[in-house]
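J.: From first to last, the protein sequence lines are chains A and B. Taken in order, the first sequence gives residues 0 to 305; the numbers are from numbering that gives the first Met the number 0. Taken in order, the second sequence gives residues 0 to 320; the numbers are from numbering that gives the first Met the number 0.
Just so you know, these hints were derived from the structure itself, not from any lab. Be aware that a few hints might be false.
Once the Cα atoms are required to be at most 16 angstroms apart in a straight line, the calculated EDC-like pairs of lysine to aspartate or glutamate come out as [stated by the list, open to error]:
(1) A:LYS9 x B:ASP267
(2) A:LYS280 x B:ASP267
(3) A:LYS286 x A:ASP101
(4) A:LYS9 x B:GLU167
(5) A:LYS9 x B:GLU268
Quick list of simulated restraints, FRET-style, between CB atoms [said to hold, decoys possible]:
(6) B:GLN302 x A:ARG127: 40 to 46 angstroms
(7) B:ILE216 x A:THR144: 30 to 36 angstroms
(8) A:THR144 x B:ILE62: 21 to 27 angstroms
(9) A:ALA276 x B:GLU181: 45 to 51 angstroms
(10) B:ALA312 x A:ARG260: 34 to 40 angstroms
(11) A:ARG127 x B:THR220: 27 to 33 angstroms
(12) A:GLN261 x B:ILE62: 54 to 60 angstroms
(13) A:ASP88 x B:GLN302: 41 to 47 angstroms
(14) A:PRO164 x B:GLU181: 46 to 52 angstroms
Virtual Cβ for every residue (Gly too), placed ideally from N, Cα, C.
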Amino acid sequence: MTETAFRRMKDLPSTRLLGTGTPMCAGCGGLLALHEIYDILGEKTVFINAAGCMTLLSVYPFTPFRGSWLYTSMASAPAGAQGVRDALDILLEQKRISADEDLQTVVLTGDGSAYGMGLSATSGAIDRNLDFLYICYDNEGYGNTGQQFSEATPHAAKTSTSSGPRGFPGFKKDLFDIWAANRPAYVATVIGTEPLDLARKIEKAKNMKGPRLIIALAPCPTGWDYDPKETVEIGKLAVKTGVWPLKEYIDGKVVHTKIPRQRKPVEEYLQKQGRFAHLFKPERNEKLLAEIQQRIDVYWEGISNE
Amino acid sequence: MYRIRFHGRGGQGMKTASRILSNAFFLGGYEVQDAPRYGAERRGAPIFAYVRAAKQPINERGIINRPDLVIVADDSLVAIPAAGVLQGIGPQTVLMINSHEAARTWEERLNVPGQVLILPVTEEVEDRAELPFLGTTCAGAAARLIGIIPLEHLQQAIRDELAHLGTEIVEKNLQQAAEAYELAAEYAGKVIEGTEISAQDYAKPEWIDMPFEVASISAPTIHTGLTSELAATGTWRTMRPVIDYQLCNRCWWVCSEFCPDGAITVDDEGYPQIDLDQCKGCMICVAQCPPHAIEAVAESVAQLAEATEATEATEAVGDKS
Ligand SMILES: Cc1ncc(C[n+]2csc(CCOP(=O)(O)OP(=O)(O)O)c2C)c(N)n1
Ligand code: SF4
Ligand SMILES: [Mg+2]
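Throw the hints in and build the complete structure from the sequences for me.
T.: Written as structure tokens, this is what we have:
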């Protein structure tokens, strides 16, 4: 295992490279993860951003980035990244830029793109062994257009297209495993509310070549229906209840980086969010709650500190 | 033609208010137009919505510049120029503000030609963004001020608009709207239908000739970083985080790291500094600070305290000279 520069909280950078004044909602968990990630990736980055909430980061004439940003349609950010990477490689080869001026090619999309519409372009990019870092902020729905369900929406969650008494009938797709099955350089899950774990993973990913994916669970006050001040609390509960396993795929192996010692009941996480209110009111849906809990328990069976 | 503008913050229900009011007009045989107006901003950002209603077909389009009625859901917006609350207010305009302060105070403060009325905030909540049913309250008051909208039409419009939220919420909204309708009874019919604006009165904007530039100059490309810092998202805030530096134990990282906007930086001595021009007021820092050194203060209270402090400081200087 490589040495990390981030051994304790005080080692985290305090540079705050990402600019303030973005149009993201107050309390946006995606923005929380992004500002932490950007502080570690640094300025030598070019972002290729598929349509979604974060498209609004760079609306002319405003940008919170220090470097370049490019907008693509929902399905084609990895294809956009291929073009940018190729252009940089040509410039390097022709010595029109020095190795020092090279940029990290970073795809930034929501879950709607990463888990669904953009998966085909992603698959192609992995096949071509494109040297890029994919950051997906996963707010479990099409946030920018009013939280319709996506392939990342969890079972039973209420969205604007699954508003019945049982919520979303489908199940969250396992993007981590889909990527890992392709044997890329690196895959990791992170969350902005666990900054040390996040920092170590971004540090690793930054120094690798080839296709790399970071999935950041992004608590979303607007889409998940809770008070913005709860973002960090809800994020921490996602980890403590085992809903969001923090793990990485590296050297062909999956390693869990933070195993909750005493997993809290998933209810504590669900209860804080309006999108799950129908599980508790007008009366508790014991059956559905038990099903959700059981699925988490099954996941964690046999997973111990490696 | 009636021209009405509702001003509020994203999440306060102004779009709903405009839809309810225009629907109520429609039930009374009016031609109507309603539209919300917001950009990429989100919850808390100043927004407005407008309604036109007339017995004849409406040919006017776009933002209302000569309102007959302006309803302000959140009085902290009045002082924000970008919110455009006072735009186009004339002698005929009725301006109704949801406020704890008296109409006189606002009249003196604003010195606008129109009449100022107060919509007393129905519930004592600190954070105005949390006021539920503000949209229906505003629609109810507007309907009565206009005077020609019967309560049944208002109620029907609310049922139509909010049916998908379930009976419990619809009932609560009906009750809120009825209370506001009753509260405004004293001023029923105060709003006078505006006259037609003729195309002849239309003043052409002063066009500026723009030379046609080559694409490398004229394309919407951003040539410099960090320009977002020029956008004052601090105006979204209804609550302000205030740090008690006596209690702060200079852990340095919690509030600064968890602020999604990066609006909290730490100075050389390890004390956090909140950039109030940019803080959107999510209150995550208040919730997360380990020694509870950050308090949430209503923005209106904080602004008043600042103003008082400034006055006292000036007076103190005056005393010395
Ligand atoms: C092909 C296509 N379909 C629909 C849209 C409209 N659209 C814009 S953003 C968005 C939601 C994207 O969801 P996600 O990727 O999860 O990002 P989020 O909005 O949640 O940040 C949609 C559906 C689009 N831009 N392109
Ligand atoms: S809708 Fe959700 S993900 Fe999108 S900007 Fe708002 S909080 Fe962030
Ligand atoms: Mg999404």
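J.: Hints first: check each against the structure and report whether it holds.
T.: Structure-based check of all given hints:
no. : hint                                    : result
1   : A:LYS9 x B:ASP267                       : 14 angstroms, holds
2   : A:LYS280 x B:ASP267                     : 50 angstroms, violated
3   : A:LYS286 x A:ASP101                     : 54 angstroms, violated
4   : A:LYS9 x B:GLU167                       : 50 angstroms, violated
5   : A:LYS9 x B:GLU268                       : 14 angstroms, holds
6   : B:GLN302 x A:ARG127: 40 to 46 angstroms : 56 angstroms, violated
7   : B:ILE216 x A:THR144: 30 to 36 angstroms : 34 angstroms, holds
8   : A:THR144 x B:ILE62: 21 to 27 angstroms  : 24 angstroms, holds
9   : A:ALA276 x B:GLU181: 45 to 51 angstroms : 32 angstroms, violated
10  : B:ALA312 x A:ARG260: 34 to 40 angstroms : 54 angstroms, violated
11  : A:ARG127 x B:THR220: 27 to 33 angstroms : 28 angstroms, holds
12  : A:GLN261 x B:ILE62: 54 to 60 angstroms  : 57 angstroms, holds
13  : A:ASP88 x B:GLN302: 41 to 47 angstroms  : 54 angstroms, violated
14  : A:PRO164 x B:GLU181: 46 to 52 angstroms : 36 angstroms, violated
The structure is inconsistent with the numbered hints 2, 3, 4, 6, 9, 10, 13 and 14, although it conforms to all the rest.
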